[in-house]
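J.: Just so you know, the sequences run in chain order W and F. For the first sequence, position 113 (counting from the first letter as 1) is numbered 99 according to my numbering, and the numbering increases by one without interruption. For the second sequence, position 90 (counting from the first letter as 1) is numbered 76 according to my numbering, and the numbering increases by one without interruption.
Fair warning: there could be bad hints in the mix.
Just so you know, same-sequence chains aren't split out, so a pair can sit in one copy or run between any two.
[As the list claims (entries may be wrong)] Derived DSBU-like pairs: lysine-lysine, alpha-carbon spacing no greater than 35 Å straight-line:
#, residue 1, residue 2
1, 185, 116
2, 219, 105
3, 187, 101
4, 101, 116
5, 187, 116
6, 105, 116
7, 219, 187
8, 116, 219
Derived by calculation from the structure, the hints in this document are not laboratory data.
2 protein chains.
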Amino acid sequence: MVLVRPDVPVDTLPAGPLQSGHRTLEAGLRAWVEQQTDLHLGYVEQLYTFGDTDRIDMPGRGGRSLSIAYLALVRALRASARSGARWQNVYTYLPWEDWRDGRPAVLETIETYLKTWVKDSGDTGTLREKRAALAFGLGTDSWSDELVLDRYELLYEAGFVREARRDGESPPLTAMVDHPMGLDHRRILATALGRLRGKIKYRPVIFELMPESFTLLDLQRTVEGLSGIRLHKQNFRRLVETQGLVEETGELQTETGGRPARLVRFRREVLLERPSPGLRLSSTKRPAN
Amino acid sequence: MVLVRPDVPVDTLPAGPLQSGHRTLEAGLRAWVEQQTDLHLGYVEQLYTFGDTDRIDMPGRGGRSLSIAYLALVRALRASARSGARWQNVYTYLPWEDWRDGRPAVLETIETYLKTWVKDSGDTGTLREKRAALAFGLGTDSWSDELVLDRYELLYEAGFVREARRDGESPPLTAMVDHPMGLDHRRILATALGRLRGKIKYRPVIFELMPESFTLLDLQRTVEGLSGIRLHKQNFRRLVETQGLVEETGELQTETGGRPARLVRFRREVLLERPSPGLRLSSTKRPAN
DNA sequence: TCCAAATATACTCAATTTGAGTATTAGGGG
DNA sequence: CCCCTAATACTCAAATTGAGTATATTTGGA
Chain W
-13 MVLVRPDVPV DTLPAGPLQS GHRTLEAGLR AWVEQQTDLH LGYVEQLYTF
37 GDTDRIDMPG RGGRSLSIAY LALVRALRAS ARSGARWQNV YTYLPWEDWR
87 DGRPAVLETI ETYLKTWVKD SGDTGTLREK RAALAFGLGT DSWSDELVLD
137 RYELLYEAGF VREARRDGES PPLTAMVDHP MGLDHRRILA TALGRLRGKI
187 KYRPVIFELM PESFTLLDLQ RTVEGLSGIR LHKQNFRRLV ETQGLVEETG
237 ELQTETGGRP ARLVRFRREV LLERPSPGLR LSSTKRPAN
Chain F
-13 MVLVRPDVPV DTLPAGPLQS GHRTLEAGLR AWVEQQTDLH LGYVEQLYTF
37 GDTDRIDMPG RGGRSLSIAY LALVRALRAS ARSGARWQNV YTYLPWEDWR
87 DGRPAVLETI ETYLKTWVKD SGDTGTLREK RAALAFGLGT DSWSDELVLD
137 RYELLYEAGF VREARRDGES PPLTAMVDHP MGLDHRRILA TALGRLRGKI
187 KYRPVIFELM PESFTLLDLQ RTVEGLSGIR LHKQNFRRLV ETQGLVEETG
237 ELQTETGGRP ARLVRFRREV LLERPSPGLR LSSTKRPAN
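Given the sequences, and given the hints that come with them, work out the whole structure.
T.: Laid out in structure tokens, this is it:
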């Protein structure tokens, strides 16, 4: 889930100008987010700095603005009331990234759209075709969860996403299925999702999103939510155990709908034991269980 | 190799203030580097943005400066004459990172130094000990090539590297073995090296450093130089072949000192074929061949 | 001329890791 | 007590990896 401010006409990420009172960039970030969302941030990671002079939020003015994007992970308790900010499913903005219930329907539209885009380009057609095939796994039955930014950029270039349209251009084919964000925030969101999908494979950041104790299935569902794919349950457990990422609390969770599950917690010591502890996942399209 | 300007009293990386004439950050970077080193940059990648108000290059002044660090890869032809910039071995500044000829000697000094640092800390001793053990592989015989930044930060925290010393503090134990850089440039160098060591494993960036055609051993030596470790020759070749990273030119290189070697070139198509082509290396301490 | 040294390249093989199952266990609700 | 559901335990073949041995081509002397 991503926390957005429902601005007009589209949602935006929390943001604000760096002020002299902020001793570090991170302090500035935390202050703004806290003010705009009533939320205290734990884990925070710098993503990327944008500074083009033609950046879309700088119409006319002579100066230059630098935007430094951050990724933060929080255990979302409840939507933060006062501020008006609210939690939104990330896949609202990037619907083609969620394969948990099979191939997302929007990919039909995208594939059709991209075919036209490939045709429209004469001799660079083969290049476009291959890029699209790689990013979206067309022709093959493979899907790379980490190529989030590549896919977004391809769709931007192809004019599929709405923010890629200039005023006056014909209305996009996709008005009904596409859900943009303000400024370049959807691009930032894509960057963040891609980074995170990569990172959970070698750092235990996933536990920033888990409560103190949880079941292995809870953990698996969270990972699946981030990666946008389904995992093989037995192998996922084997992975978590061999990596030493969790330890038993001794308690059981009985509201499982079946046999009660052991409750476990994150083993923090793992950070001091191995150089890159994480969930080296390997997807499955549709596991039988 | 890293390109430095031999400033007084220590070397610094090429750098310069962003100007209004620079349309993008990258354009500004390229302009400054070109001016300061007579070098045209190809591959460029943003590393990190620093913005603490107490950053060491801002003594006194009220304003804030943001520094955006980049990593660029170039095929170094010759040292760029006019500008005074020159190429330096990266391991001049980070000598503990080079294991190509076995465990670097400086690690003896470091290990001794860290032991004192661990002892000096009372009840947080165990934590320090484990951190040091993990970062430097103490006690085990394993070494993680990617932990470059962790190691630098640990040495900084422990006061081993000279830039960590405040004026007036007792002269460092390490004056004879340590080779600092200006400002926080050694930290940036550590960030870059760590990032690069990680990246060659899943992106074919190594070829930015290779000439048009080269032998497999040339390629292996370059990878070893970056990773700071030796690789098993036969397995390295198998990896390169199975990943489809190169293709034959049909030519032979005869000045090998032995049997002539095939000359190969980078297969650019690989970028359009597989999602993350790279050299998933697995080190060896000291291969028998 | 022929051999030793040096490097390239080909092949082998056991140990591990991975992908994909089947089998069994333990609650909750009729 | 039976059935549904999910948890947990085990199995097994395929693929990957780590570490060799074996063979091929050069060059430079003895």
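J.: The structure should be examined with respect to each hint, and the outcome stated for every one.
T.: So, going through the hints one by one against the coordinates:
no. : hint      : result
1   : 185 x 116 : both (27 Å within a copy, 23 Å between copies)
2   : 219 x 105 : neither (42 Å within a copy, 45 Å between copies)
3   : 187 x 101 : both (33 Å within a copy, 32 Å between copies)
4   : 101 x 116 : within (11 Å within a copy, 55 Å between copies)
5   : 187 x 116 : both (27 Å within a copy, 23 Å between copies)
6   : 105 x 116 : within (12 Å within a copy, 58 Å between copies)
7   : 219 x 187 : both (17 Å within a copy, 28 Å between copies)
8   : 116 x 219 : both (33 Å within a copy, 33 Å between copies)
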